[in-house]
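Student: If you want the building blocks of each chain, they are given just below.
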Amino acid sequence: MGDLLFQGRPVRFNNTVKMAEPPPGVEGEGFFATKLSDVVGLGRKNSLWPLPFATSCCGIEFMATMASHYDLARFGSERVGFSPRQCDLLMVMGTIAKKMGPVLRQVYLQMAEPRWVIAVGACASSGGIFDTYSVLQGIDQVIPVDVYVPGCPPRPEAILDGFMKVQDLVGSESIRRRNSPQYQALLAEYGIQ
Amino acid sequence: MVLTSENIMALVDEKFGRGLLTWNENSDILTLTVPPEMNLKVLQFLFENDQLGFRFLTDLTAVHYPDNAGSEIAVVYHLHNLVANVRLRMKIFLPIEKPEAFSATRIFSGANWMERETYDFFGVIFIGHPNLKRILNVDEMDYFPMRKEYPLEDQTRIDKDDAMFGRGGSFN
Amino acid sequence: MTENKLVPNLPLPSGSIQKQTTTMNLGPTHPATHGVFQNVLELDGETIVDAEQTVGYIHRAFEKLAERRPLYQVTPITDRLNYCSSPINNMGWHMTCEKLLGIQTPKRVDYLRIIIMELARISDHLICNSIVGVDTGAFTGFLYVMQYRELIYEIYEEVCGSRLTTNIGRIGGFERNFNDIAFQKLEKFLAEYPGVLREFENLFNRNRIFMERTQGGGAISAERALSYGFTGPNLRAAGVDYDVRVAQPYCSYEDLSFDIPVGTTGDNYDRFMVRNGEMWQSLRIIEQAYKKVKEFKGAEAEVFHADVPEYYLPEKMDVYTKMEALIWHFKIIMGEIDIPKGEVYHAVEGGNGELGFYLISDGGRTPYRLHFRRPCFIYYQAYNELVKGSMLSDAIVTLSSLNLIAGEMDA
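Chains as they are written, first to last, in our numbering: chain S, 1 to 193; chain G, 1001 to 1172; chain L, 2001 to 2411.
These are calculated hints, taken from the structure and not from any lab test. A hint or two may mislead.
[Unchecked claim] Here are the simulated SDA-like cross-link-like pairs (lysine to any residue), alpha carbons at most 20 Å apart as the crow flies:
{"hint": "1", "chain 1": "G", "residue 1": "1148", "chain 2": "G", "residue 2": "1066"}
{"hint": "2", "chain 1": "L", "residue 1": "2291", "chain 2": "L", "residue 2": "2281"}
{"hint": "3", "chain 1": "G", "residue 1": "1091", "chain 2": "L", "residue 2": "2362"}
{"hint": "4", "chain 1": "S", "residue 1": "45", "chain 2": "S", "residue 2": "146"}
{"hint": "5", "chain 1": "L", "residue 1": "2341", "chain 2": "G", "residue 2": "1074"}
{"hint": "6", "chain 1": "G", "residue 1": "1160", "chain 2": "S", "residue 2": "44"}
{"hint": "7", "chain 1": "G", "residue 1": "1160", "chain 2": "L", "residue 2": "2069"}
{"hint": "8", "chain 1": "L", "residue 1": "2099", "chain 2": "L", "residue 2": "2283"}
{"hint": "9", "chain 1": "G", "residue 1": "1091", "chain 2": "L", "residue 2": "2360"}
{"hint": "10", "chain 1": "G", "residue 1": "1160", "chain 2": "S", "residue 2": "150"}
{"hint": "11", "chain 1": "L", "residue 1": "2331", "chain 2": "L", "residue 2": "2344"}
{"hint": "12", "chain 1": "G", "residue 1": "1148", "chain 2": "L", "residue 2": "2341"}
{"hint": "13", "chain 1": "G", "residue 1": "1133", "chain 2": "L", "residue 2": "2069"}
{"hint": "14", "chain 1": "G", "residue 1": "1148", "chain 2": "S", "residue 2": "150"}
{"hint": "15", "chain 1": "L", "residue 1": "2341", "chain 2": "G", "residue 2": "1066"}
{"hint": "16", "chain 1": "G", "residue 1": "1133", "chain 2": "L", "residue 2": "2051"}
{"hint": "17", "chain 1": "G", "residue 1": "1160", "chain 2": "S", "residue 2": "151"}
{"hint": "18", "chain 1": "G", "residue 1": "1160", "chain 2": "S", "residue 2": "129"}
{"hint": "19", "chain 1": "L", "residue 1": "2294", "chain 2": "L", "residue 2": "2283"}
{"hint": "20", "chain 1": "G", "residue 1": "1015", "chain 2": "G", "residue 2": "1026"}
{"hint": "21", "chain 1": "L", "residue 1": "2341", "chain 2": "G", "residue 2": "1025"}
{"hint": "22", "chain 1": "L", "residue 1": "2341", "chain 2": "L", "residue 2": "2103"}
{"hint": "23", "chain 1": "S", "residue 1": "165", "chain 2": "S", "residue 2": "32"}
{"hint": "24", "chain 1": "G", "residue 1": "1148", "chain 2": "G", "residue 2": "1069"}
{"hint": "25", "chain 1": "G", "residue 1": "1041", "chain 2": "G", "residue 2": "1069"}
{"hint": "26", "chain 1": "G", "residue 1": "1098", "chain 2": "G", "residue 2": "1152"}
{"hint": "27", "chain 1": "L", "residue 1": "2099", "chain 2": "G", "residue 2": "1024"}
{"hint": "28", "chain 1": "G", "residue 1": "1133", "chain 2": "L", "residue 2": "2040"}
{"hint": "29", "chain 1": "G", "residue 1": "1098", "chain 2": "G", "residue 2": "1066"}
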């Protein structure tokens, strides 16, 4: 690196920055032509706004993920929102009891398209160790889920891995997916219009 | 006067008469069994008497003994005298056809939710409770889940196969 | 010339405007990740006139679940009671079993248990206090102290392998001896944490904005607190110095000396200060216990469990090499050892107060009845009394300063 000086002070350049790959496309002077879904996906996946629906122990691991050691903010989720109207990603962390099921469904319905759901933890994925009369055996009984993160509770690295898988889904989603008949059929299975 | 087990038993027996209450000193805490209609009177006496002074309700719960005909449901009160640092356990036994007891909410405000929880799980009706309705389970539930005859799992679930989970038989 | 007269506020005829209160739902989906409990509030403008709480949104039927599981399988569900300080729940459960079975743990085990329990208490109070800060708008405190919670998690990982829901210990002791790395991490924590706590206190304790936000809100008198059954920091903030570690010492707490911080008015500020004080006292306890652990030398330093082969799950190396250990392992795991008949109530000082375990055994392999005396459930009843007459934002700060953990509340 050498001793570069700028205004008399040694300069240290950060040469470990990883440049993101542009999506495949045709480049020319002053234009770059690519698929719309690629560009939109790139933008969306790096600025997901999560809604932490934290109910129990996984919520504390989420707090650790959000804190400075594991830092969810570097994935673009600096702003976690609690209003479903403003968020893209519903992160369900913790056990969902049957009493809470309708609340979860209502929060999901209030979210605007495009929306993704990540089920963090064993309880949200399948009921976990609580195979009892009062626990919903997995949130996919009431809402469609995109990514499941197993663990009880999953380590913050696992939550981040799940988040990155959601980012892959978001980046590669077709523009027309939300209006397609398959998606409508999926929602119809859950009784959502 | 130091609050020993003998003193507690002497004071309470003096007020209510021997023979009506049974004492058990072999348990880890001195246990008193009271006829169900007297529970409020005994709690009031334990609260107000200055020498006894059991003014802290630690816990209120119930146990279901399906084999004891006529006294299937035991409601257990754990009391604590914080000044003398003495604990006391009081039990009343109720028949399952008519599990009614007087509510202790007038004496201890904390008994409010503890009695609601006992009602929710066992069906014990507390007479005089300001708001006796289900607290932890869904309001539409029509049975009392902690009673021994009801299973743990939700019988309507289809994604878990009991045979693969090691169920379909009793553990004992 | 018309004069611009100020028209006075004429009193309106009575009954023309009806005073209405708004019903608002401070619903189960909560900002600031507190947990799931609902409050239906009646508001007159910003002032709360009435409140009604509903709980049960995370009721997982622990008590019914425990009737199906032999003693070791109950430990993972006790983890999920107060999940911010799960080692305390685990130790409390193991101590309840030891009380029923009549097992006496060696002193070294007791001191190691004390170290882990006090670390858990620090971890619990850190979350509570930093979240009170977040609710008043100070996010920095939370981010700063979470680093030290990560250090506590690393200590747990060295002993039991997991961070949050630890399932730590066995009946009679621990599953493995604390290795050198665990002690090094503990020494690092003891060296660095007092400075961090001092900085955290500098940020909040005499901060004018924080004091004005928290003082006066959510106050409760000692009589009402005792009537409701409050225990723990919430009761001590109201002025009553009841601590289970002092009243009914368990696990050799009587060998150590520590103070009990007590407040006066029981409001949010007192609760915050009591929790800070307790963290200092916990540090003191850990230092004393660690010194006592280091005094054990030679063969005594290898003791990490009581000698009760019927109930203590043997070490894996012994299971693979020795016959008796293999047989005991088989008997314990397959549930062929019956628990003696009996009834026992044991209480420990959890992060929120007196966490009690009422265990009734009828001689079978699983408990006949296990009831958890959960402090959060008991003191949440008082919430409507605490917030009546206060403003909505004070109600939020009261909610977080009570340290309500939904898992413990609903069990």
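Student: The structure should be examined with respect to each hint, and the outcome stated for every one.
Tutor: Hints, verified against the model:
Restraint check: the Cα-Cα separation between residue 1148/G and residue 1066/G comes to about 7 Å, which is no more than 20 Å; the hinted pair holds. Between the alpha carbons of residue 2291/L and residue 2281/L the distance comes to roughly 15 Å, so the proposed pair stays at or under 20 Å and holds. In summary, the hint linking residue 1091/G to residue 2362/L is supported, as the alpha carbons are separated by about 17 Å, within the 20 Å threshold. With a CA separation close to 14 Å, the supplied pair residue 45/S and residue 146/S stays within the 20 Å bound.
A distance of roughly 17 Å separates the Cα atoms of residue 2341/L and residue 1074/G; the hinted pair therefore holds under the 20 Å criterion. Taking the CA atoms of residue 1160/G and residue 44/S, the gap is about 37 Å. The hint is violated against a cut of 20 Å. Distance hint between residue 1160/G and residue 2069/L is fulfilled; the C-alpha atoms sit about 19 Å from each other, no more than 20 Å. Straight-line distance between C-alpha atoms of residue 2099/L and residue 2283/L comes to about 28 Å, which puts the hinted pair past the 20 Å bound.
Taking the CA atoms of residue 1091/G and residue 2360/L, the gap is near 14 Å; set against the 20 Å cutoff, the hint holds. For the suggested pair residue 1160/G and residue 150/S, the alpha carbons sit about 17 Å apart, so the restraint of at most 20 Å is met. Our distance criterion of 20 Å between C-alpha atoms is broken by residue 2331/L and residue 2344/L, whose separation comes to about 24 Å. For a cut-off of 20 Å, the pair hint linking residue 1148/G to residue 2341/L stands: about 18 Å separates their Cα positions.
A distance of roughly 29 Å separates the Cα atoms of residue 1133/G and residue 2069/L; the hinted pair therefore is violated under the 20 Å criterion. Note on residue 1148/G and residue 150/S: the hinted pairing is violated, with a Cα-Cα distance of about 33 Å set against a maximum of 20 Å. Distance check on the hinted pair: residue 2341/L and residue 1066/G sit about 17 Å apart at the alpha-carbon level, within 20 Å; holds. A distance of roughly 17 Å separates the Cα atoms of residue 1133/G and residue 2051/L; the hinted pair therefore holds under the 20 Å criterion.
For the hint linking residue 1160/G to residue 151/S, the alpha-carbon distance of about 19 Å falls within 20 Å, and the restraint holds. About 12 Å separates the Cα atoms of residue 1160/G and residue 129/S, which keeps this hinted pair within 20 Å; it holds. Restraint check for residue 2294/L and residue 2283/L: satisfied, since their Cα atoms lie roughly 16 Å apart, inside the 20 Å limit. Distance restraint check for residue 1015/G and residue 1026/G: the Cα-Cα separation of roughly 23 Å exceeds the 20 Å cut-off, and the hinted pair is therefore not satisfied.
At most 20 Å may separate the alpha-carbon atoms for a hinted pair to count; residue 2341/L and residue 1025/G meet this at roughly 16 Å. Annotation: proposed proximity of residue 2341/L to residue 2103/L holds, straight-line Cα distance about 15 Å (limit 20 Å). A distance of roughly 27 Å separates the Cα atoms of residue 165/S and residue 32/S; the hinted pair therefore is violated under the 20 Å criterion. Between the alpha carbons of residue 1148/G and residue 1069/G the distance comes to roughly 14 Å, so the proposed pair stays at or under 20 Å and holds.
Restraint check: the Cα-Cα separation between residue 1041/G and residue 1069/G comes to about 25 Å, which exceeds 20 Å; the hinted pair is violated. Restraint check for residue 1098/G and residue 1152/G: not satisfied, since their Cα atoms lie roughly 24 Å apart, outside the 20 Å limit. A C-alpha spacing of about 18 Å is found between residue 2099/L and residue 1024/G, which places the hinted pair at or below 20 Å, so the restraint holds. Distance check on the hinted pair: residue 1133/G and residue 2040/L sit about 16 Å apart at the alpha-carbon level, within 20 Å; holds.
Between residue 1098/G and residue 1066/G the CA atoms are separated by roughly 14 Å; this keeps the pair inside 20 Å, and the hint holds.
In this structure, the earlier hints numbered 6, 8, 11, 13, 14, 20, 23, 25 and 26 are contradicted, and the remaining ones agree with it.
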